[in-house]
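Colleague: Residues per chain are reported as follows:
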Amino acid sequence: MSLDEYSRREFKQVGTRPRRPDGVDKVTGRAMYGADASAPGMLVGRILRSPHAHARIKAIDTAAAEALAGVKAVITAADFGLPDDDFTRDVQDNCMARGKALYDGHAVAAVAAVDAATAKAALKLIRVDYETLPHVTDVDAAMAPGAPVVQEGRALENVPAGMSANVTSHCEFGHGDPAAGFARADRVIERHFTTAATHQGYIEPHACLASVSADGKADLWCCTQGHFFVRTLCSAILGMEASQLRVTASEIGGGFGGKTTVFIEPVALALSRKAGRPVKIVMSRDEVFRATGPTVSTSIEVKIGMTKDGRITAGEAHLRYSGGAFPCATVEMGGQAAFAAYDLDHVRTYGWNALTNRPKEAAYRAPGAPQAIYAVENVIDELCLDLGLDPLEVRLKNAATKGTKSSYGPTFPAIGLVATLEAAKAHPHYTAPLAEGQGRGLSCGFWFNFGGNSCVSLNVNTDGTVGVTEGNPDIGGSRASISLMAAEELGIPYERIRTIVADTASLGYNDVTDGSRVTFAVGLATIKAARAAIRLMCERAAKIWGIEADAVEWKDGAAVPAGPNAPADVARRDRRGLVRDRRPDRRPPRGQCRRRRRQLWRPSGRCRGRPRDRGDQDPALHDLSGCRQGGASRLCRGPDAGRRGAGHRLGAERGIYLWRRRAVAERGLSRLPHPGRLGPAEDRHGDPGNPQSRPSLRGARRR
Amino acid sequence: MVRVRLWGSLRRAADGLEEVEVRAGSVKEMLDALAEAHPGLAPQIARGVSVSIDGVIYREAWFTPIPPGAEVVLMPYMTGG
Chain A
1 MSLDEYSRRE FKQVGTRPRR PDGVDKVTGR AMYGADASAP GMLVGRILRS
51 PHAHARIKAI DTAAAEALAG VKAVITAADF GLPDDDFTRD VQDNCMARGK
101 ALYDGHAVAA VAAVDAATAK AALKLIRVDY ETLPHVTDVD AAMAPGAPVV
151 QEGRALENVP AGMSANVTSH CEFGHGDPAA GFARADRVIE RHFTTAATHQ
201 GYIEPHACLA SVSADGKADL WCCTQGHFFV RTLCSAILGM EASQLRVTAS
251 EIGGGFGGKT TVFIEPVALA LSRKAGRPVK IVMSRDEVFR ATGPTVSTSI
301 EVKIGMTKDG RITAGEAHLR YSGGAFPCAT VEMGGQAAFA AYDLDHVRTY
351 GWNALTNRPK EAAYRAPGAP QAIYAVENVI DELCLDLGLD PLEVRLKNAA
401 TKGTKSSYGP TFPAIGLVAT LEAAKAHPHY TAPLAEGQGR GLSCGFWFNF
451 GGNSCVSLNV NTDGTVGVTE GNPDIGGSRA SISLMAAEEL GIPYERIRTI
501 VADTASLGYN DVTDGSRVTF AVGLATIKAA RAAIRLMCER AAKIWGIEAD
551 AVEWKDGAAV PAGPNAPADV ARRDRRGLVR DRRPDRRPPR GQCRRRRRQL
601 WRPSGRCRGR PRDRGDQDPA LHDLSGCRQG GASRLCRGPD AGRRGAGHRL
651 GAERGIYLWR RRAVAERGLS RLPHPGRLGP AEDRHGDPGN PQSRPSLRGA
701 RRR
Chain B
1 MVRVRLWGSL RRAADGLEEV EVRAGSVKEM LDALAEAHPG LAPQIARGVS
51 VSIDGVIYRE AWFTPIPPGA EVVLMPYMTG G
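Respectively, the protein sequence lines represent chains A and B. If you read the first sequence in the numbering used here, its first letter stands for residue 1, the second for the next number, and so on. If you read the second sequence in the numbering used here, its first letter stands for residue 1, the second for the next number, and so on.
The following block holds chain B by itself, in its conformation from the complex:
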């Protein structure tokens, strides 16, 4: 199981939960599981999100494995300049 921390405004779409737990081994599995378990998160996930795994930010890294016990934080889709 992966414990995923949500950013503030996203918590309203997940029944007010700061952290949710899903069964996943990779980033894509985690996002799919989140959208299924909490449909309110689906629009944001469809628009795009970034994922921090143990402090390293991933963007469009669907097949990145999530190690057991990793700190996973959902973040907005990051853009730069």
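Extracted from the complex, chain A is given alone in its bound form:
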């Protein structure tokens, strides 16, 4: 996926700490989060949730709620269709229970009313006839024979026969012969670990505003990590074409993976469609914990063998994960990541996913990996203690490097674990004396990089500033990092760039903001867009100057003639379009050029004077800048100074003149651009904050 081979490069922008573009709005309370959206005629949506961990829904009576004054719509699962594919159907069934409530807090009905009090009262009028069922919330208990079955018939073809009906998938990764590796070990330790279904605990509860119009077009504003994916899911669930649903992402108050799917958005859309008015749903904190996805709960056995000198001879892990009441494949990620930090000859991981009566799992920072790595790293630490080895040296001895066959299959390209460990080893904190009650720990981790689908639009504005449009909600400062990368490539100040997050109707598809992909993938797209813009501008500059495209290069935010193919006179042209004669005896006295030009030209563009050396055939300067009168051109300096149309006969200058004329015609510019700096960063022009810009700015105004 890399844009090009890695090479050392001195960055001017990347690595600096600029002011974040979203910073002021967020610290002053101006930023618009999910719950801040509003629309005329907006209704309040509320959701009725199951009080049972597992119950069959025999009937739902909504008549009394619908009859309540102020209630505009009531929906249940009956108001949704039945998607064909399992994935979408599971998402929909998690948003609104169909047939069974699968966990405490599972949505069973929803209302839209004129205010919150009416909506709350309406929920109390909905009668749900439940048949409570036995439930199971522990993954090991769910895999045991005779466990309550959360959902029937959800096992994939890879599940061995005879397992509990709650087991939905099995996976296996690794290579070599672990048994042989354990036989060569001086010490083998096997331990069992469990981890809870921890919630991501983002500060901002889920919130959305949906508006479906009578012609079927819909708008949705929501806090999410991926509004394009929201569009995919919601349009599939609502039976809409994606083009008819525009999703706009709000600012986001944390997500950590938990906002990579939908919980209330399809419900709000269905309510709005039924009520014919906008509907807003804001979850309470209680609802967030009861009905949105935490990470998986796990039960893990890890076995590792090690020699006395710290070489790991084999590793094996059995991972049992539960993603709640719906199938999930998170255990595959744990199985691949568990031992991936190490270069092992014999390694194997076995994974199972089992259903439990818990909320549907959502991603949580490298989903599935930290749990498995936590177990592995604990066993390695215990081995180090037992064998009297330095835990850092042991990890260095076993670290994966370039060329290591990873535990999940591929051979690693360059990988930075050794460098990281060496840096930790060299850090003073690693050897600093510990006071009583202090400890020092060390752990290696691993995660992948994937998800490259990204679309970025980069526009050079008429004043030379730049707008970047991206399609990933900014969950950690990505607008700043994207702006920095654009600035770095274009060679212009960070402040000249504004990056925004566009809605789904304004940009091509983007993958979700997940897996740490955005800075990398969207950054690559931004760099490509910037380079494309540079290429186009250089090509245009070449045409303006009448030289070959390869004789133009981009330097410090501007196109400049360069290289062996650049004509000498073009190479000597300054940013004002002046062709300077560098011969010492022909060079104007130092400091006189600008003063002379100011004497010569007035804002009207009319020539008010002649240089004293007029007619002396000295080609020291041919100035076309700002020189226009009656649609023709005049030279203000040089042998043809002041003559109408003289610019047409000056070879290399002609191209500049024609371009500038065209620019005026096409862009409606009030003044001609400077051909010597044809980039977006006329950073010495018009930037009051840049001291270097002031003389040029004043000069331009005088013209």
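Just so you know, the hints here were simulated from the structure itself, not pulled from any lab data. Each residue gets a CB set at the ideal place from its N, CA and C atoms; glycine is no exception. Please note that a few of the clues may not be correct.
[Stated by the list, open to error] Taking lysine to aspartate or glutamate pairs in the EDC-like style, the calculated list, with each CA pair at most 20 Å apart, reads:
#, chain 1, residue 1, chain 2, residue 2
1, A, K405, B, D54
2, A, K303, A, D343
3, A, K402, B, E29
4, A, K405, B, E60
5, A, K120, A, D286
[As the list claims (entries may be wrong)] Here are a few chain A residues that face chain B, going by a calculated C-beta distance under 8 Å:
#, residue
6, Y408
7, G409
8, P413
9, N449
Place chain B on chain A using the hints.
Modeller: Same frame as chain A, but now just chain B:
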């Protein structure tokens, strides 16, 4: 021809083979050829897979070319957070 390495549990769906060889020039051609040559792999391919080509993981990159001699590893469909 492309040699494709399968992850452990997928090998049972390919007659126990750790590596299979198919004729393909792109990711989509490879997946189509795998599903045709080894029908047992078809359900997993339909659900979604990722592909590592010389250590770089691709997801939904059907038209990514596979260079001759590249190391190709089939992986589960990757999701993040």
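Colleague: With reference to the structure, classify each hint as holding or not holding.
Modeller: A quick look at each hint next to the structure:
For the hint pairing K405/A with D54/B, the CA-to-CA distance comes to about 11 Å; that is within 20 Å, so the pair holds. The straight-line distance between the Cα atoms of K303/A and D343/A is roughly 16 Å, inside the 20 Å bound, and the hint therefore holds. With a CA separation close to 29 Å, the supplied pair K402/A and E29/B exceeds the 20 Å bound. At roughly 24 Å between alpha-carbon atoms, K405/A and E60/B are farther apart than 20 Å, so this suggested pair is violated.
For the proposed pair K120/A and D286/A, the alpha carbon gap of about 15 Å is at most 20 Å, so the pair holds. For Y408/A, the interface hint holds, since its Cβ comes within 8 Å of a Cβ in chain B; the closest pair sits about 7 Å apart. This hint holds: G409/A has a C-beta 4 Å from the nearest C-beta of chain B, less than the 8 Å allowed. Of the supplied interface hints, the one on P413/A holds, with its beta-carbon coming within about 4 Å of a beta-carbon of chain B, less than 8 Å.
Taking 8 Å as the C-beta contact cut-off toward chain B, the hint placing N449/A at the interface holds, the least distance being around 7 Å.
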